[in-house]
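Student: All chains should be modelled from the sequences, with the hints used to inform the complete structure.
Listed here are the chains, written in short residue letters.
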Amino acid sequence: MQEARILISDEQVEILQQDFLEFHGYDFTQYSMASFKRRIQRLFSMNKGGNFKEFRKTLQHDDGYFFQALTEISVNVTEMFRDAAFYRTIREKVIPVLATYPHIRVWHAGCATGEEVYSLAIMLHEGGILHKSLLYGTDINPIAIEKARMGIFSVGPMQQYSKNYHDSGGMQDFSSYYTANYGIVKFNTDLSQKIIFSTHNLVSDFSFNSFQLIFCRNVLIYFEKNLQAKVLRLFDSSLEPLGFLALGSKESIRFSPLESSYQAILEREKIWRKLK
Amino acid sequence: MGGSAGSLQAILKILEYIKPGYPIPILLVIHRNPAFPSPLEELLLSRTKFIAKEIEEKEKIEPGHIYICPADYHVLIEKDRSFSLDDSEKVNFSRPSIDVALKSASDIFKENLLSILLSGANADGAEGLLYANKNGGIAIIQNPEEALVPFMPQEALKGLKADHVLDTNQITGFLNSLVV
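These protein sequences, in sequence, are chains Z and F.
All residue numbers for the first sequence refer to the numbering used here, where the first residue is 1 and numbers rise by one.
All residue numbers for the second sequence refer to the numbering used here, where the first residue is 1 and numbers rise by one.
Source of the hints: derived by calculation from the structure; they are not laboratory data.
Yeah, the Cβ is synthetic: ideal placement off N, Cα and C, and Gly gets one too.
It is possible that some hints are incorrect.
To spell it out: a stretch of chain F is covered by chain Z in this simulated footprint if at least three of its residues, at any positions, have a beta carbon under 8 Å from a beta carbon of chain Z; those stretches are [as the list claims (entries may be wrong)]: (1) 56-62; (2) 74-83.
Reference excerpt, derived from the structure (chain F facing chain Z, CB under 8 Å, subset only) [claimed, not checked]: (3) Asp86; (4) Asp87; (5) Ser104.
Tutor: Laid out in structure tokens, this is it:
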């Protein structure tokens with residue numbers, strides 16, 4: 001228990017949001033307050049000092065600290081084949097359609113350290129279409145993207161990932177996709193050479209290509225409704241006709257501008273297809 | 001209302017005899033396995049007079065509802081009294097964490113928050129209950145002697161003089177007494 005700490009107020013969070021925008025060009029003003037405030041509180045508590053003025057100043061001027069802070073503020077929790085039923089649907093309903101295209105482009109928006117991008121690469125490989133696919137993994141956080149680019153993960157959760165993989169319909173020996181050494185795992189280069197990782201900020205950056213499949217899972221929950229609508233419009237303009245949009249298990253395009261021009265392929269799994 | 005192992009029976013017992021038309025909304029934060037669909041929503045719909053539903057993100061809190069936090073997400077409350085979901089790191093090995101939900105709810109509702117901690121096998125909830133209580137909210141802990149798994153209520157009692165340590169039927173009575 002580590003109570004007796006100084007609590008950050010909503011007003012102080014708003015001050016920091018303005019600073020992030022002014023000093024670093026990151027706009028968090030339309031992030032959901034409760035979650036964002038909790039991240040700031042967490043960061044502030046780790047910062048031991050307990051002096052808001054100092055904390056603010058360091059965040060303004062120390063770029064190194066700011067990017068560390070960005071890693072704490074943005075949620076980087078992810079796992080491979082998260083939600084086996086979701087991945088089973090991708091395997092059975094989406095990949096066969098993608099297979100009919102001569103070239104396949106996929107965008108994973110908000111991919112954190114890339115686990116889900118590697119998951120999809122494995123599925124495309126098993127569908128026999130990885131060779132004609134290109135996967136773009138983007139995230140706001142340059143430290144997470146650097147980690148994703150290295151393709152090196154801790155061996156710890158691999159057992160769980162292997163189980164997720166088999167639950168999603170995977171038939172291979174999961175460990176054939178990586179080499180493990182000294183407690184770390186590196187995924188095979190035939191997977192990583194089909195993936196491009198890059199920073200991209202959904203709040204301020206534009207579309208950079210057109211895609212047949214866009215993944216954005218458990219990112220929109222951190223945004224206020226207006227920003228959610230804006231990002232969904234960005235996805236809409238980046239998705240080809242008949243392309244697929246895959247969201248997190250508690251996210252939806254219902255009540256958004258996209259609702260009328262998309263059809264759920266399986267409502268429960270949050271995968272929609274663009275109609276025209 | 002938060003709980004873990006052994007809390008389902010307690011929840012059903014408490015809520016079954018709540019007056020019809022009970023206006024105060026209830027949030028349930030229960031540790032569940034995300035890999036298995038839970039019968040909780042159906043059970044509550046059939047055995048209580050509430051509208052029971054799993055939370056949709058950004059959903060506004062309405063009277064007469066029981067809101068169930070989805071497995072594998074933390075739940076937070078926004079200033080406009082809507083729910084936010086959050087899939088950040090587990091707290092106390094738990095997602096949802098009762099601590100996270102109670103602290104966030106307490107920030108918004110302060111002395112108008114009533115926190116109830118039930119049966120469970122880990123220490124989640126103890127810190128949040130203390131926080132909510134310090135913020136002026138009433139804290140109720142299920143009597144560890146009645147709880148199927150007493151660890152969670154016991155842990156909470158270590159940190160805090162609860163306003164009430166009650167059996168489930170007493171909790172029902174207490175909830176009913178809050179409305180005329």
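Student: Against this structure, judge whether each hint is valid.
Tutor: Structure-based check of each hint:
no., hint, in the structure
1, 56-62, "holds (count 3)"
2, 74-83, "holds (count 4)"
3, Asp86, "5 Å, holds"
4, Asp87, "5 Å, holds"
5, Ser104, "6 Å, holds"
When the structure is compared with the earlier hints, no violation turns up for any of them.
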